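The opening residue of the sequence shown carries number 1 in UniProt numbering; numbering runs sequentially from there.
Simulated from the structure, these hints should not be mistaken for lab results. Hints should not be assumed to be uniformly reliable.
[Unchecked claim] Here are the simulated BS3-like pairs of lysine-lysine, each with C-alpha atoms no more than 30 angstroms apart in a straight line:
id : residue 1 : residue 2
1  : 117       : 58
2  : 156       : 93
3  : 11        : 154
4  : 58        : 99
5  : 117       : 54
6  : 117       : 154
7  : 117       : 47
8  : 58        : 93
9  : 117       : 99
10 : 53        : 11
11 : 54        : 148
12 : 99        : 47
13 : 99        : 154
[To be verified] For each label pair, taking beta carbons as the anchor points, the in silico distance ranges come out as:
id : residue 1 : residue 2 : range
14 : 19        : 148       : 31 to 41 angstroms
15 : 157       : 60        : 19 to 29 angstroms
16 : 117       : 17        : 35 to 45 angstroms
Owing to the predicted nature of the structure, the values given are computational and were not obtained by experimental measurement. Positions of the beta carbon are idealized from the N, C-alpha and C atoms, including for glycine.
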Amino acid sequence: MYDLYLVTDEKMSLDRDISYVVEQAVEGGVTMVQLREKELNTREFIKRSLNLKKLLSKYDVPLIINDRIDIALAVEADGVHVGQSDMPYEYVKRLIPEKMMLGLSVETLDQAVEAEKYDLDYLSVSPVFFTPTKTNLYREWGIEGLRKLRSITKHKLIA
């Protein structure tokens, strides 16, 4: 079971090397890492993915790639995470190997209900509370929203 899930954001790293930040987080208890870097070009994303995969393998911590199925496949990441505006579940599931984890972001109860028919490793609930780091959000879930979601889904939740 994964208890503490880190989503990277180079801008929030305060000019520190992302590998250093990730390693410090893992040593502090992080059990899964999602590489989410929206502004990297493909070559840089691959390079960073390979570096983090090597680092995380020492700790037996899985690397999840955000949005980029091509990169997840190229670097043989442990998983891929997609959102509601990314490649649809049916296509992702056809492309990735059976052993690769698959996570999906949900922003509404309707999306969570729809996801019940999917073979997912987890649902990511976005956001529990509004945050200045992600501004294109539909709503916040709040604690009561999480309770409601927990009662209707079979999937593990990441919030």
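Status of each hint after checking the structure:
1. Only pairs whose Cα atoms come within 30 angstroms are accepted, and residue 117 paired with residue 58 is rejected, the gap being roughly 35 angstroms.
2. At most 30 angstroms may separate the alpha-carbon atoms for a hinted pair to count; residue 156 and residue 93 meet this at roughly 18 angstroms.
3. Straight-line distance between C-alpha atoms of residue 11 and residue 154 comes to about 34 angstroms, which puts the hinted pair past the 30 angstroms bound.
4. Annotation: proposed proximity of residue 58 to residue 99 holds, straight-line Cα distance about 20 angstroms (limit 30 angstroms).
5. Between the alpha carbons of residue 117 and residue 54 the distance comes to roughly 34 angstroms, so the proposed pair goes past 30 angstroms and is violated.
6. With a CA separation close to 10 angstroms, the supplied pair residue 117 and residue 154 stays within the 30 angstroms bound.
7. Note on residue 117 and residue 47: the hinted pairing is violated, with a Cα-Cα distance of about 35 angstroms set against a maximum of 30 angstroms.
8. Between residue 58 and residue 93 the CA atoms are separated by roughly 28 angstroms; this keeps the pair inside 30 angstroms, and the hint holds.
9. Our distance criterion of 30 angstroms between C-alpha atoms is met by residue 117 and residue 99, whose separation comes to about 19 angstroms.
10. Taken as a hint, the residue 53 and residue 11 pair is honoured in the structure, with Cα atoms around 20 angstroms apart against an allowance of 30 angstroms.
11. Taking the CA atoms of residue 54 and residue 148, the gap is about 38 angstroms. The hint is violated against a cut of 30 angstroms.
12. Restraint check for residue 99 and residue 47: satisfied, since their Cα atoms lie roughly 23 angstroms apart, inside the 30 angstroms limit.
13. Annotation: proposed proximity of residue 99 to residue 154 holds, straight-line Cα distance about 20 angstroms (limit 30 angstroms).
14. Separation of residue 19 from residue 148 is about 38 angstroms and conforms to the stated range, judged on CB atoms against 31 to 41 angstroms.
15. Evaluation of the 19 to 29 angstroms hint for residue 157 and residue 60 yields a pass: the beta carbon distance comes to about 22 angstroms.
16. Between residue 117 and residue 17 the beta carbon distance is about 41 angstroms. The supplied range of 35 to 45 angstroms therefore holds.
The structure does not agree with the numbered hints 1, 3, 5, 7 and 11 stated previously, though it agrees with the rest.
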